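Colleague: Starting from the known structure of chain D, fit chain H onto it as the hints suggest.
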Amino acid sequence: MLIPMDFQPIHFVENLRYMGIGMLGVFIVIGVIAGLTILLNSITKDKNDDERA
Amino acid sequence: MEILYQNLLNLDWKMIVMWLIGGVLIYLAIKKDMEPSLLLPMGFGAILVNLPLSGAVSHGAEEGPLTILYHAGIANELFPLLLFIGIGAMIDFGPLLSNPLLMLFGAAAQFGIFFTLCLASMFFDLNDAASIAIIGAADGPTSIVVGQKLNSNYIGAIMVAAYSYMALVPIIQPPIIKLLTSKKERQIKMEYTQRPVSKTTRILFPICITIIAGLIAPASVALVGFLMFGNLIRECGVLDSLSETAQKVLANLVTIFLGITIASQMQAENFLKFDTLLILGLGLIAFIMDTAGGVLFAKILNLFLKKKLNPMIGAAGISAFPMSGRVVHKLALKEDPTNFLLMQATGVNVSGQIASVIAGGMILNFFL
Numbered sequence: 020m021l022i023p024m025d026f027q028p029i030h031f032v033e034n035l036r037y038m039g040i041g042m043l044g045v046f047i048v049i050g051v052i053a054g055l056t057i058l059l060n061s062i063t064k065d066k067n068d069d070e071r072a
Numbered sequence: 008m009e010i011l012y013q014n015l016l017n018l019d020w021k022m023i024v025m026w027l028i029g030g031v032l033i034y035l036a037i038k039k040d041m042e043p044s045l046l047l048p049m050g051f052g053a054i055l056v057n058l059p060l061s062g063a064v065s066h067g068a069e070e071g072p073l074t075i076l077y078h079a080g081i082a083n084e085l086f087p088l089l090l091f092i093g094i095g096a097m098i099d100f101g102p103l104l105s106n107p108l109l110m111l112f113g114a115a116a117q118f119g120i121f122f123t124l125c126l127a128s129m130f131f132d133l134n135d136a137a138s139i140a141i142i143g144a145a146d147g148p149t150s151i152v153v154g155q156k157l158n159s160n161y162i163g164a165i166m167v168a169a170y171s172y173m174a175l176v177p178i179i180q181p182p183i184i185k186l187l188t189s190k191k192e193r194q195i196k197m198e199y200t201q202r203p204v205s206k207t208t209r210i211l212f213p214i215c216i217t218i219i220a221g222l223i224a225p226a227s228v229a230l231v232g233f234l235m236f237g238n239l240i241r242e243c244g245v246l247d248s249l250s251e252t253a254q255k256v257l258a259n260l261v262t263i264f265l266g267i268t269i270a271s272q273m274q275a276e277n278f279l280k281f282d283t284l285l286i287l288g289l290g291l292i293a294f295i296m297d298t299a300g301g302v303l304f305a306k307i308l309n310l311f312l313k314k315k316l317n318p319m320i321g322a323a324g325i326s327a328f329p330m331s332g333r334v335v336h337k338l339a340l341k342e343d344p345t346n347f348l349l350m351q352a353t354g355v356n357v358s359g360q361i362a363s364v365i366a367g368g369m370i371l372n373f374f375l
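Here the protein sequences come in this chain order: D and H.
In this text, residue positions in the first sequence follow my numbering: the first is 20, and each later residue adds one.
In this text, residue positions in the second sequence follow my numbering: the first is 8, and each later residue adds one.
It should be emphasised that the hints constitute simulated quantities derived from the structure, not laboratory data.
None of these values were measured; they are calculated from a predicted model.
Every residue, glycine too, gets a C-beta built ideally from N, C-alpha and C.
Misleading hints may appear alongside valid ones.
Footprint (simulated), chain H over chain D, 3 or more residues, beta carbon under 8 Å [said to hold, decoys possible]:
#: 1; segment: 41-49
#: 2; segment: 57-64
Reference excerpt, derived from the structure (chain D facing chain H, CB under 7 Å, subset only) [stated by the list, open to error]:
#: 3; residue: GLN27
#: 4; residue: PRO28
#: 5; residue: HIS30
#: 6; residue: PHE31
#: 7; residue: ASN34
#: 8; residue: LEU35
#: 9; residue: TYR37
#: 10; residue: MET38
#: 11; residue: ILE52
#: 12; residue: ALA53
Beyond 10 Å from chain D on every Cβ pair, some chain H residues (computed) [unchecked claim]:
#: 13; residue: GLY30
#: 14; residue: ASN259
#: 15; residue: ILE295
Chain D extracted, bound-state conformation (with noise of 0.2 Å):
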């Protein structure tokens, strides 16, 4: 048999919410931490830290 295993045409579509919300999720957490970061970044600005990028 070419195809081992069941073709189930139908569990794409079944599966688009993972996308979605794995998306999602993603996008919020990096968002927080891009959030974070300028926060970081405004925060620690006047500070005489020695090393600079």
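Modeller: Chain H in isolation, oriented as in the chain D frame:
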């Protein structure tokens, strides 16, 4: 006399096919310089484990060293996590910390993972589909950890696909980028302004990321934590010797064992199956859709921005560090020799490293 050729009778054509595959991996490593530190051990290992009655892997009660290494370092996810300390110590988050909004491209370029999850679920059960989809993380350690935690039946093929495609980023990405962008878009110049980043930010960043990732996606905290621990060693400024060891000695040692141990999963009877071909195909689709996700996200942003972005930088959001950043930089130079996108592309590239681990955590949250 019979003892000299007795084992030859155990040879079958599948083993010879695996030798050829091993040969191709070694060729790509040496001649094409594609991820040689991984493809060469994998290629040699593929030959080693496909010799008839190879003593390198277990047969019945007789334990082989590669099987022992597999259980000691990959089945329990130790090697990939140790490697992450080295990778964390190698990464300079400076360009990203300087332009935090670049992180969004890293998030967009994880699209391939979730698209492939849906696609793979048409053929495999959800745990296997999720493990296959994570090939799109373009990050070997993440693929191994997710595949192991989800108890995938296809861990060998997944590891081979993940590492091979990472090496093939310079071949896979350019045609997709060109297909989705016009020459004019590829010539867009982006000004790079390096804002100062304080040492305090550099130290607090890995700690904060670990806490955030741990709170939102607890299953990913080992991955994120080890990556960020490596970065903290680098940035703290008082552990230069440890940082250097993590970047070189630790990373090299783990890589040696990782490559050849992965090969223990490339035994012909497990590897030469239709499923493996399908997994390789799905992995390729994951990489393509990651690239497309990043580029199209940049194009969508351009609809609203006055100062246009070069949409190619979106492609650097896949985790394959530092290859995809370099690919974008080279493509930009090819279109216009005065267009330097290296810093922006590197920033996006390291954000992809973080985003891919978070995507892995999301997958684990769904299915663990």
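Colleague: Hints broken by the structure, by number, lowest first?
Modeller: Of the numbered hints, all hold.
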